[in-house]
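Enquirer: Read off the chains here:
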Amino acid sequence: MDVGLFAQYVMNGLMLGMMYALVAVGFTLFFGVLDVIKFSHGDVVTVGAFTALAAFAGLHALGFNSPWLDLVVMLAIAMMAMAALGMLIARYLVMPLRSAPALNTLLITLMLGTVLRESVRLFYPQGGNPKPFPALLPRNSIDLGSFNLRLDNLLMLAAGGLVIVGLQFLLNRTKLGLAIRAVAQDEETARTMGINFTAIVLITFAIGSGLAAFAGVMNGLYYNEINFGIGLYLGVIGFSAAIIGGLGSIYGAILGGFLFAGLQTIGTVLLPFASAYKDVFAFAVVIAIMAWRPTGLIQEKISERV
Amino acid sequence: MIRTGKIITAGLMAAVLALAAGDVNAKDKVKVGFIGPLTGGVAVNGIGGRNSADLAVKLRNADSKAKYEYELVVLDDECKPNVAVQVATKMAADKDIIAAATHYCSATAIATVDTYHKFGFPVIVWGAVLPDITYRNKYAEVHRVNGTMINQNDANADLISNLGYKTVAVIHDTTDYGKGHNEYFSKALAKIGKAKIVGTFGVTAEQQDFTAELTQIKALNPDVIYFGGLTPIGVRIRSQMDKLGIKAVFDATSGIVSDAYIQGLGPLAEGTLAFREGASTEKLPGGKFFMEKYNAQKYDNPPEAYGAFAYAAMDMILNTIEKVGPDRKKVIDDLGHVIDRDSIVGKITFDDHGQNTVAMITKYVIQDGKFVEWDESEYASGKRKLPGQK
Amino acid sequence: MAEGAAKGENARAPLWPGLAALAAATVYLVALLAAENQALIISLLAAGIAAVLTAAWLRLLDRASHSFMDHEDALGGFAVLAALSVAVFFHEDHFVLLLVITVLLYTVATLGLNIQFGYAGVLNFAGASFFGIGAYTSAVLNAHTAIPHLVVLAIGGVLAALIGSLLLLPVLRTRGHYAAVVTIAFALLFKTFLEVNDVLGGPQGMQVPGMKIFGWTFNDNIEIGSISLSFYMNYYVVSLLLLVGAFVVVRRLERSWIGLNLDALRLDETAASCFGLDVVRWKITAFLIGNFIIGIAGALFGMVGSFVAPNNYTFADSLILVSILLLGGIGNPWGLIVATVIVVVVPEKLQTIQEYRFLLYALLVIAVLLFRPEGLLPRPIRRYFPGWRP
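Chains as they are written, first to last, in the working numbering: chain A, 1 to 306; chain P, 1 to 390; chain S, 1 to 390.
Since the hints were derived computationally from the structure, they do not count as laboratory data.
Keep in mind that the hints are not guaranteed to be accurate.
As the list claims (entries may be wrong) - Which residues of chain S face chain A? A partial, calculated answer using Cβ under 8 Å:
1. W16
2. L19
3. A23
4. A24
5. Y28
6. G76
7. F78
8. L169
9. A180
10. V181
11. V182
12. T192
13. F193
14. F358
15. I366
16. L370
None of the values given here were measured: they were computed from a predicted structure.
C-beta: ideal position from N, C-alpha, C; glycine also.
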């Protein structure tokens, strides 16, 4: 295989990995802070993408046509709307169930994901059909041999990277981040130290859901299309990625995201039927990893109360 | 006083007579069915077909000479084989429904033939093009008014070879529909012998990401990419082709002959080739009549490519029920002897497998956001050129 | 004196409250299944909910449940009679019989899931996949071999258990969320594997030849004198027998020392292993037995529907099975029957809300989880001594 083709595969893998990583980071944040797996996260990505599309339609109706302005406004609206949605979900569905068995929260968020998905399908005009997403990034590209380097892919990768770095900065260098990490580590002690537990949880959910909206817009820009099913797929992969990287660790989630994308790409290259078996291959490896390292690659340090 | 009484009695008698007369005019209700993809990626075709069948029923009910009053029962097969079998079972198991016009998606039509046979339920297919639907078994219950994909692919291979292209990469979906296209196109191309197929890729009907296949195709550098599948993934493949910088001709089948394809791609749709059996709706013998009546009903959606065939199928069912009565066995018998019956799509004859022969194939190229017939297009005359066209 | 007092305390509840509840439920079910008019169905549903709430308020439900606890075997026999009477009532109606058969077989599958989850606490989000393994087994074996069909059912179960044993290592080593992801990954993997695999029919699925036992072909309608029975009656009888068998097995299992071990395991794994229970062995047993039962149900369902396709066995379908378990009350087999009826019959009947059914159904489960997490019929406390009542 020539270098250009190899580079193309690497680029494909990087793009997918970035999207999976963004979703996986959300899962890990929620788990760290509340010990809960919020399965509806994937579908929040879908709702975010559709909100952005609706914002775009609205902007066009109002006559604004500049791609950059459109993009910024769409992102802003989608991220803020999803942050609000995330807070609502936290406040009314997840927090009341903290004392219930973990399975109940798992199921309630799974069902919530179904509600979000079906709502988009039923209530967004013609939501059942795939919808074209506007191509707002510059479409220039350079041909380096058989590798087609596109400006919009590079921009998206850069943006995704910035977001992740920004998140790390937020978590490690700011007071808010300190509070989030404290709550994730030990809820009771954090409360006795004067941290407003509810506020921190809500803010974490807001951040995670905002990330989901960003991932949704990125997905729309990359494929130039969104449909109501993208969330389910991304959600499960993001969850698997967060798991293999080890829940509770941001680095683990990012690692897991890129690892999963890498597995899919390797599966595509090595197996004879192109991408037909890539998901089978990737999920089989996930199961194998879980058998080998039951709490993920970056081991979770848990102590169990007996 | 007596006069008032007489007037009242006369009035009452008139009322009773009127009611009785009305009762005499009340017709027996007969249920007929329609199955198509009303949700999902190809919903516009299903809805167009449903509206067309509905039009046939409405026109018949408005006709005072009709013997029965018809009610259309509509079910959605979602273009998924398993859902199709469920709704087919439901419709066929209901003894009140006499016959139905069924299926746009070949994947669903081929899955349900056994179900219709099991329940002895007569159906006429209106949109699915896979030959196996009528030819795999000799079921008396299954008929079809539209053509099969064999002729479509013959014309396709012909055009590609004559335009001087030498290498073709094939992408097809893994349902029987896509596999059928792959099979017939490959055979047709091999028979002509001028071009060869450099790679074949099967993709799932709901696949999102084609970068893997397209990257491999890019390495093969074909002149043409042939696509055997439906609109939703057609849109995705074409758009991702552009993202990877692949400059081949996009050559597709009747599966993308739909406005949704053009709406999904915008300017990228330019220069896509497509083929379908039968003439465009306006050029059909009854085309103008159909379009007039269709537009008068003010439906939300256009009839799309196969709406006229759905109308023809439903009309034939209604004619048969008028002739032999609402009895499934008699309808099956009568549909076994269809020779040169008139319809808006021309004269219909069912062969021994229930298949109508539609000889004409229309070749399309998308020009300026519309499906234009190839011979009338600027690509044929040389004013515009497809990628690599000489 | 003491004896008299003891007798008073341990007096068995009368049979009639349970019998009355059973009869009322059967009549209600028949009415619901027979009703066609949407308004009638909605009012029936409202009336049913009102009746149940009133009965709960009047403490009638308590008496019925005590009656069930004390006379379970007798009431079980009456329940079988009730099921047969439902069949007799609908002996000609294909679709209603099919619906009830679906309820019966889904209940069997959830009974298997109940052993894994309700008794042993082993998470299994791939229930529909094991159901599918059974279905595909009957598809392949019926079409290509001459193995007697009853044996095929058993093979379906064995195969499901075998393939489930591939997952044993990850399932045993993981806890909580991590365990969930193992079975979820398997569920997705299974569906994709079926879709891309041409040998097993790919996305088009496969037809399943009908069941034939001792020369009696199940797929032909039965005619007894002047009464014609729907061919689904054959399958109904077999499904009912399967359900009774599975129900009895599960109940006996629960009350036996095996069930005791599984309960101990679920409630506190560390304490159970402190007491010398072999955690690994019991988890394996529960997982395999559960999958075996699910596989048999799947094999029979494949033959009933005569069609299998990957889209029938997705992660969403596994979620439906888990939700039935939750809705009915984890660990209570009677609750499963009620929950399955609600989940399968109500969406079919309420045609007007067909499109919205997943949405409403998810909202219902959320409501149950928020306000009554034990489910509709929570599992009563384990009875350690026969005749003892809490």
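Enquirer: Against this structure, judge whether each hint is valid.
Expert: For each hint, the structure was consulted:
Residue-level restraint check for S:W16 is violated (minimum Cβ-Cβ distance to chain A is 37 Å; threshold 8 Å). Below 8 Å, beta-carbon pairs count as interface contacts, and S:L19 has none with chain A, the closest being about 35 Å; its hint is therefore violated. Because the beta carbon of S:A23 sits about 34 Å from the nearest beta carbon in chain A, more than 8 Å, this interface hint is broken. Hint status for S:A24 relative to chain A: violated, with the closest Cβ pair at about 30 Å, above 8 Å.
Because the smallest distance between the Cβ of S:Y28 and any Cβ of chain A comes to about 27 Å, over 8 Å, the interface hint for this residue is violated. Using the Cβ-Cβ criterion of 8 Å, the hint placing S:G76 at the interface with chain A is not satisfied: the shortest such distance is roughly 29 Å. For S:F78, the suggested interface contact is broken, since its CB lies about 33 Å from the closest CB of chain A, more than 8 Å. At a threshold of 8 Å, the smallest CB-CB gap from S:L169 to chain A is about 4 Å, leaving the interface hint in force.
Because the smallest distance between the Cβ of S:A180 and any Cβ of chain A comes to about 6 Å, under 8 Å, the interface hint for this residue holds. Here the hint on S:V181 is kept, as its CB sits about 5 Å from the closest CB of chain A, short of 8 Å. For the restraint placing S:V182 at the interface with chain A, the shortest Cβ-Cβ distance is roughly 5 Å, inside the 8 Å limit, so the hint holds. Of the supplied interface hints, the one on S:T192 holds, with its beta-carbon coming within about 5 Å of a beta-carbon of chain A, less than 8 Å.
Contact between S:F193 and chain A, as hinted, is supported at the beta carbon level, the nearest pair being about 5 Å apart and thus within 8 Å. Because the beta carbon of S:F358 sits about 5 Å from the nearest beta carbon in chain A, less than 8 Å, this interface hint is met. Interface restraint check: S:I366 against chain A, minimum CB-CB distance 5 Å, threshold 8 Å, status holds. The interface hint given for S:L370 is met, as the beta carbon of that residue sits about 7 Å from the closest beta carbon of chain A, less than 8 Å.
In this structure, the hints that do not hold are numbers 1, 2, 3, 4, 5, 6 and 7, in rising order.
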